[in-house]
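Let the sequences and hints guide you as you build the complete structure.
Protein chains: 2
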Amino acid sequence: MTTQQLFEQIKKKQSFLCIGLDVDMSKIPAHLLGEQDPIFSFNKAIIDATHDLAVSYKPNIAFYEAYGIKGWESLKKTIDYINTNYPELYTIADAKRGDIGNTASMYAKAFFEDMSFDSVTVAPYMGKDSVEPFLAFEDKHTILLALTSNQGAFDFQTQLVGTKPMYQVVLEKSQTYANAENLMYVVGATKAEYFKEIRAIVPNNFLLVPGVGAQGGNLQDVCKYGLNDQVGLLINSSRGIIYASSGSDFKEKAREQALLLQREMSEILKGRL
Amino acid sequence: MTTQQLFEQIKKKQSFLCIGLDVDMSKIPAHLLGEQDPIFSFNKAIIDATHDLAVSYKPNIAFYEAYGIKGWESLKKTIDYINTNYPELYTIADAKRGDIGNTASMYAKAFFEDMSFDSVTVAPYMGKDSVEPFLAFEDKHTILLALTSNQGAFDFQTQLVGTKPMYQVVLEKSQTYANAENLMYVVGATKAEYFKEIRAIVPNNFLLVPGVGAQGGNLQDVCKYGLNDQVGLLINSSRGIIYASSGSDFKEKAREQALLLQREMSEILKGRL
Chain A
42 MTTQQLFEQI
52 KKKQSFLCIG
62 LDVDMSKIPA
72 HLLGEQDPIF
82 SFNKAIIDAT
92 HDLAVSYKPN
102 IAFYEAYGIK
112 GWESLKKTID
122 YINTNYPELY
132 TIADAKRGDI
142 GNTASMYAKA
152 FFEDMSFDSV
162 TVAPYMGKDS
172 VEPFLAFEDK
182 HTILLALTSN
192 QGAFDFQTQL
202 VGTKPMYQVV
212 LEKSQTYANA
222 ENLMYVVGAT
232 KAEYFKEIRA
242 IVPNNFLLVP
252 GVGAQGGNLQ
262 DVCKYGLNDQ
272 VGLLINSSRG
282 IIYASSGSDF
292 KEKAREQALL
302 LQREMSEILK
312 GRL
Chain B
42 MTTQQLFEQI
52 KKKQSFLCIG
62 LDVDMSKIPA
72 HLLGEQDPIF
82 SFNKAIIDAT
92 HDLAVSYKPN
102 IAFYEAYGIK
112 GWESLKKTID
122 YINTNYPELY
132 TIADAKRGDI
142 GNTASMYAKA
152 FFEDMSFDSV
162 TVAPYMGKDS
172 VEPFLAFEDK
182 HTILLALTSN
192 QGAFDFQTQL
202 VGTKPMYQVV
212 LEKSQTYANA
222 ENLMYVVGAT
232 KAEYFKEIRA
242 IVPNNFLLVP
252 GVGAQGGNLQ
262 DVCKYGLNDQ
272 VGLLINSSRG
282 IIYASSGSDF
292 KEKAREQALL
302 LQREMSEILK
312 GRL
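Taken in order, these protein sequences are the chains called A and B.
The letter at position 58 of the first sequence is residue 99 when you use the working numbering, and the numbering goes up by one with no holes.
The letter at position 83 of the second sequence is residue 124 when you use the working numbering, and the numbering goes up by one with no holes.
One copy or two, it doesn't matter: identical chains are merged, so the pair holds either way.
The calculated lysine-lysine pairs, modelled on BS3-like cross-linking and capped at a C-alpha distance of 27 Å, are:
| no. | residue 1 | residue 2 |
| --- | --- | --- |
| 1 | Lys205 | Lys265 |
| 2 | Lys118 | Lys150 |
| 3 | Lys85 | Lys150 |
| 4 | Lys85 | Lys111 |
| 5 | Lys52 | Lys294 |
| 6 | Lys150 | Lys111 |
| 7 | Lys118 | Lys54 |
| 8 | Lys52 | Lys311 |
Hints in this document: simulated from the structure, not taken from any laboratory.
Model, not experiment: these values are computed from the prediction.
Structure below.
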């Protein structure tokens, strides 16, 4: 999917909501556990109940890997279900991969070709030749970790390299990579005050923003500094939506939570688009 | 496996060789392509032919992921084959994962429990809480990326934070993590001159060293500065061994290449153990 197609969808739905599918067997409603593939059944129900309110879905790959081959089957069924039934939705493989060139190409092949995701999250530590194999895919996005929403972000990402924190060095250097127009960045919502500086370095790139909700970030604060004239934000919420209820009403409660966020987004977008 | 058990195996075999299983369908001997699971058949043949010369095997997870569910099946069969037939071998999931705490726990579960690997490679960019969930597993190792062997290593890893390159900051900080005795580090062989400084910071940890062979690193140079009194090195070779021949003699040629390295290692260890 192109950035323009994503933007068109955002305008149509008045939403820049991404729903994170971090699906843990110990947290899904008990009545689903008897199904043949409980994780896929759960995902299907959540997607069906919220697809008109969200523009993007982001399976967190670790949660599928943890169940081995069965987990990968659930993941494949989920992405196939989205691509078949809701092709307008933008899909993100939250995989945080990163390795040398020939290995990075294999990861890109896994997520872009075998799984047909629109984008994949990638870690920057190994530098240019670990990122460019992902960027080489046309109409796909590479979402590079810049500033994450966890406490450990202060260990290395905010360390000063000269006068600049490392995450700003990552933003600047990555803008020189081949096909940098295919880049998006992960920027955690728990640090809204950083968005102003980040937008000065990457005014045009989309930012994937985790940490609204369960991790304590505030939507208004993020939008104040993060929005650009193509919106330029995908706000992710995972647990706050998918685990809104652990009962048989989990679909309805997930929709309620998604609707609250979509309405807030619609208000924020008023007069801007 | 404990570090002591790994050391015992190194002494017994007079080898600190790790064989990387970066198995690409386009590179394995054509006569295997008709088999039911060509990747597993290839791995099994390589392991059977070299298990007495190497102490460790390192599947590069990307190469399995790229083939989707079938690839994960090949990977699972490979690790099960090693654990059943050669339980003394030390296994490394070269996955370079890294994510926030609850997600990192899921990755740890995938590789340590579902797959029963002895260790997994992890990226440091997201900091302490992305690494500690791996370190929490008893008798397992977390192999943290410090200085990698690719050109992109100079993008961020060697950038100065104050007076120290980032990879040294990663080494120092990670030594303060809970269960830091379960840490090993990835240090690329293409930069042998760095080993002296690295050993000053982490005298006791094992270092996993890719880049000998195909990537141009030299074994003697690495050992000169990298060896410690428990050897403390695992030298990885992938393509130089597993693709030594693309014909029906691939097993014999792989053994020849492994034997060359093992003999060189045996010479280096003389008088040291």
